[in-house]
Each structure stands twice: as structure tokens, then as C-alpha cells.
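If you want the building blocks of each chain, they are given just below.
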Amino acid sequence: MESERDVLDVFALKFAGITGKYGNYIIVSGFVAIASGRTRGTEDIDMIMERISRETFRKLHADLVKNGFLCFQGDSADMLYDEYLAQNNSLRYAEDGETLPQMEMKLAKDPLDAYQLKTRIKLKFTGLGLWFSNINVNIAFKEHYLKSPKDMEDAKHLRIVYKEMVSEEEIRAVIRLIDRYRP
Amino acid sequence: MKTSREQHLESWAEYVMTHPEWKLRHTRFINALFAKHRNIVRKLRQQEGGEEKMRALGWIR
Chain A
1 MESERDVLDV
11 FALKFAGITG
21 KYGNYIIVSG
31 FVAIASGRTR
41 GTEDIDMIME
51 RISRETFRKL
61 HADLVKNGFL
71 CFQGDSADML
81 YDEYLAQNNS
91 LRYAEDGETL
101 PQMEMKLAKD
111 PLDAYQLKTR
121 IKLKFTGLGL
131 WFSNINVNIA
141 FKEHYLKSPK
151 DMEDAKHLRI
161 VYKEMVSEEE
171 IRAVIRLIDR
181 YRP
Chain B
1 MKTSREQHLE
11 SWAEYVMTHP
21 EWKLRHTRFI
31 NALFAKHRNI
41 VRKLRQQEGG
51 EEKMRALGWI
61 R
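Same order as they appear, the protein sequences are chains A and B.
Read in order, the letters of the first sequence correspond to residues 1 to 183 in the numbering used here.
Read in order, the letters of the second sequence correspond to residues 1 to 61 in the numbering used here.
If you want the footprint, here are the derived chain A segments under chain B, 3+ residues with CB under 8 Å:
| # | region |
| --- | --- |
| 1 | 2–14 |
| 2 | 34–40 |
| 3 | 89–102 |
| 4 | 146–157 |
Subject to a maximum C-alpha distance of 35 Å in a straight line, what follows is the list of computed DSBU-like cross-link-like pairs (lysine-lysine):
| # | chain 1 | residue 1 | chain 2 | residue 2 |
| --- | --- | --- | --- | --- |
| 5 | A | K124 | A | K150 |
| 6 | A | K106 | A | K124 |
| 7 | A | K163 | A | K118 |
| 8 | B | K36 | A | K156 |
| 9 | A | K106 | B | K23 |
| 10 | B | K2 | A | K122 |
| 11 | A | K14 | A | K156 |
| 12 | A | K21 | A | K106 |
| 13 | A | K21 | B | K36 |
| 14 | B | K23 | A | K66 |
| 15 | A | K122 | A | K21 |
| 16 | A | K147 | B | K23 |
| 17 | A | K106 | B | K53 |
| 18 | A | K106 | B | K36 |
| 19 | A | K21 | A | K150 |
These aren't lab readings, by the way, just hints derived from the structure by calculation.
Bear in mind that the values here come from a model prediction, so they are computed numbers and not experimental data.
Virtual Cβ for every residue (Gly too), placed ideally from N, Cα, C.
Could you put the whole structure together from the sequences, leaning on the hints where they help?
Given below as C-alpha cells:
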């Protein structure tokens with residue numbers, strides 16, 4: 001029987017299955033819409049992780065490497081933590097020998113990210129057991145902050161598919177957080 | 001008046017909500033994109049300067 005899991009699903013589940021052992025994470029932005037049926041491509045999946053320590057990241061990175069992932073920014077966990085994650089820069093991982101897809105991973109950096117992690121949600125409709133940032137947060141980011149045609153279409157798709165979850169009140173509250181922390 | 005693009009987006013989203021088989025169709029679409037990408041990577045690997053192009057695209061380290 002043909003599998004319903006696509007290349008992005010398999011990659012995200014494998015990566016998140018490892019990451020989730022070391023801290024709370026959320027998948028944000030484009031893959032939320034794609035996993036919910038948007039017909040468009042993407043080269044990367046965006047992940048935000050709670051602010052883990054360098055020691056925890058060492059273990060996470062070693063586990064990812066052991067399971068066949070390669071970090072594009074280098075091999076040394078201490079360097080990756082100090083020069084990228086601790087500075088609020090992202091890391092990109094792909095499966096060794098593959099070019100795409102890539103996971104773009106960063107650590108939570110402000111109360112807005114903390115809010116996203118606190119209100120994370122599993123979206124049964126996707127058929128994936130992944131933690132996503134909630135629908136209203138995604139809509140607020142896409143309509144108010146990112147605003148590209150692609151993002152506006154993602155938001156429209158999410159508004160239709162998850163109409164029972166859409167809360168204009170929460171979207172307005174998230175927009176206030178965006179204005180405060182991402183001016 | 002809605003553009004044809006808007007009409008398409010809305011009708012696809014409605015389809016996704018009402019047809020459980022959306023996932024299989026969607027999976028074929030996503031996998032086709034990556035199959036195409038892998039074909040391009042294969043061609044670039046055989047091309048002089050192809051690795052450099054892939055590095056510039058952020059596809060390899």
C-alpha cells in the first residue's frame with residue numbers, strides 16, 4: 001500500500017523524534033500550512049526549541065549525528081552552541097548525503113517564543129504526532145509580520161482548514177506581542 | 001471579485017477539509033517536488049562547477 005507519509009513528513013518526524021528527547025520544541029511557519037494540505041514546496045522546516053543548555057545541546061547534537069544528520073554550520077557542538085544558538089542564530093541540519101529538506105533550528109529568544117512554546121499544539125488533522133505552534137500564532141505571524149504573498153496564502157489556507165480554532169482575539173493578542181518584541 | 005488564484009486556494013482548502021484522500025494526493029505532489037530536486041542534484045554533481053552552484057544554493061556544506 002502506498003504510504004501517506006511524504007518526504008517532509010518522514011524527515012520532520014525523524015528529526016523531532018530525536019529533538020523531543022532533549023527539550024520542548026515547536027514546528028512553525030510554512031510546514032504548518034503544508035502539513036495541513038497547502039500545495040506548495042519548501043526547502044526547510046522551521047523549528048524553535050526551548051532554551052536548552054550547552055551541555056544538553058552537546059547530547060542532542062551527538063544524537064542527531066549518530067542518527068545520520070549533518071549540521072551545515074560545522075561539527076563542533078560547543079562552537080555551534082556558542083556562535084549560533086547562544087547568539088540567537090539558527091542551525092541547519094539535513095540527512096548526511098542529502099541536500100534537502102533541511103531543518104532550521106533555533107532556540108526560543110523572547111516572550112513571544114515562550115508564548116508559542118507554552119501554547120503548542122498537536123494537529124490531529126495533519127496525521128503527524130508533531131508539536132506545532134498554534135494556528136492563531138501562525139496566522140498572526142503570516143498576516144502581520146511576514147506578509148509575503150506565499151505567507152498570506154498560507155494564512156488563508158489555515159483560516160479555512162482550521163476555522164473552528166481561529167480566534168481573532170488571540171490573533172490580536174499575538175500581534176501586540178509581535179509589535180512589542182519584533183518591531 | 002475574487003481572483004482565480006483566490007478561488008483556487010479556497011476550493012482546494014475546502015477539498016482538503018471534506019476529502020480524506022487529500023493526504024495521498026498531497027503526498028504524491030510533495031514527493032514529486034523532491035524527486036525533481038534529486039534529479040537536478042544528480043545533474044549538478046556531474047557538471048563542472050556543479051558543487052559550487054549547490055554550495056551557493058545552500059544545498060551542501
